[in-house]
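Novice: Spelled out, the chains give:
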Amino acid sequence: MQMTSKEIDGALVVTVMDRRIDAAVAVRFKDRMQELTGTTADRVILDLSQVDFLDSSGLGAVVGSMKQLGRQRTLDLAALTPTVEKVFRITRMDRVFRIFDTLDAALGEAADA
Amino acid sequence: MPDDGVMPNGADIPPGPAFDETFPSDFRWVRRIVQNAVNTLADLGLSTEDLGSFEIVLAEALNNVVEHAYPAASPGKVRLLIKRRPGALMIEIRDRGKPMPQGRAPLGNHPMTEFHQHDAMPEGGYGWYLIREIVRDLVYDRRDDENFLVIRLGIGDPILDAKSSV
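Which chain is which? The protein sequence lines are A and B, in order.
For the first sequence, the positions run 1 to 113 when the numbering used here is used.
For the second sequence, the positions run 1 to 166 when the numbering used here is used.
Please note that a few of the clues may not be correct.
[Said to hold, decoys possible] A few chain B positions that, by computed beta-carbon distances, are all more than 10 Å from chain A:
#, residue
1, Ala18
2, Asn36
3, Ser53
4, Glu55
5, Ala59
6, Val66
7, Ala88
8, Val139
9, Asp144
[As the list claims (entries may be wrong)] Chain B regions said to be covered by chain A (calculated; three or more residues, Cβ under 8 Å):
#, stretch
10, 21-35
11, 125-133
Derived from the structure by calculation, the hints contain no laboratory data.
These figures come from a predicted structure and were not determined experimentally.
Don't be surprised by glycine CBs; every beta carbon is placed ideally from N, CA and C.
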């Protein structure tokens with residue numbers, strides 16, 4: 001699972017380089033999220049701009065990653081491609097996560113806005 | 001079972017399956033087969049919107065077989081057949097694993113129906129919910145120790161498209 005992270009303006013941006021977050025890699029995704037978010041940043045932004053497809057296992061892994069962060073930290077999502085957006089919309093997870101059209105839009109928003 | 005009868009305006013659709021593959025019940029194989037099937041249907045001219053729905057439904061249905069029909073220690077074979085019909089795709093999945101619970105395909109209730117707290121938010125159970133939200137016609141049958149799941153996915157219908165974008 002190819003994922004990178006960097007801090008921008010106090011937020012930790014995690015970018016997924018793989019095209020798919022599916023049942024074949026969901027566990028590795030969640031493990032990698034735990035490794036990458038072991039910093040003090042209160043806000044994590046998951047950049048999904050390169051992910052074409054996410055299934056229910058991938059969705060579960062994103063929910064699990066949010067829970068791993070605990071209540072004091074937030075996980076926001078940015079740049080969902082059409083089919084990924086569809087999975088979040090149909091499962092109504094778009095009401096659980098704050099979702100931004102672009103990474104820039106996510107970075108322009110304060111964590112507690 | 002899929003309708004193999006002659007459709008009134010189906011003369012221009014080739015009679016054979018658009019896709020027919022048998023593969024091991026493994027998540028990596030599911031990924032490969034789903035991508036192959038999407039590419040095949042893209043070549044047949046399906047819209048991006050329909051391809052997205054198809055990819056979600058197919059991945060969930062196949063992952064379900066890998067996860068629940070066969071024990072992890074002894075994977076079996078899965079066969080996927082896709083046939084094009086006027087206004088629809090017939091997706092047929094066959095396996096020789098365990099039957100579905102109570103001999104029925106799950107209703108696919110939303111897993112959060114019973115959970116509201118942040119900490120209790122379920123990490124699984126969204127697969128059948130996704131299938132049921134996208135698909136109206138679905139038949140499960142078991143004959144001679146074989147599971148048959150047949151899904152009819154409407155395509156190219158502006159009413160369906162409008163509903164799915166609500």
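Novice: Could you run down the list of hints and mark each one as holding or not?
Specialist: Checked hints:
With 10 Å as the threshold on Cβ separation, the claim that alanine 18(B) sits away from chain A holds: the shortest Cβ distance comes to roughly 20 Å. Against chain A, the non-interface label of asparagine 36(B) holds: every CB pair exceeds 10 Å, the least being about 14 Å. Listed as a non-interface residue, serine 53(B) fails to keep its Cβ farther than 10 Å from every Cβ of chain A; the least gap is roughly 8 Å. A Cβ of chain A approaches the Cβ of glutamate 55(B) within 10 Å, the least distance being about 6 Å, so the stated non-interface status is violated.
With a least CB separation of 5 Å from chain A, alanine 59(B) falls inside the 10 Å interface cut-off, contrary to its annotation. Under the 10 Å C-beta cut-off, the non-interface status given to valine 66(B) relative to chain A is violated; the minimum distance is some 7 Å. Interface exclusion of alanine 88(B) from chain A stands, the closest Cβ pair being 19 Å apart, more than 10 Å. Residue-level check passed: valine 139(B) sits 21 Å from the nearest beta carbon of chain A, beyond 10 Å.
No beta-carbon of chain A comes within 10 Å of the beta-carbon of aspartate 144(B); the shortest separation is about 28 Å. Counting residues of the stretch 21-35 of chain B whose C-beta lies closer than 8 Å to any C-beta of chain A gives 4; at least three are required, and the coverage claim holds. With a cut-off of 8 Å between beta carbons, the stretch 125-133 of chain B has 6 residues touching chain A; three or more are needed, and the interface restraint holds.
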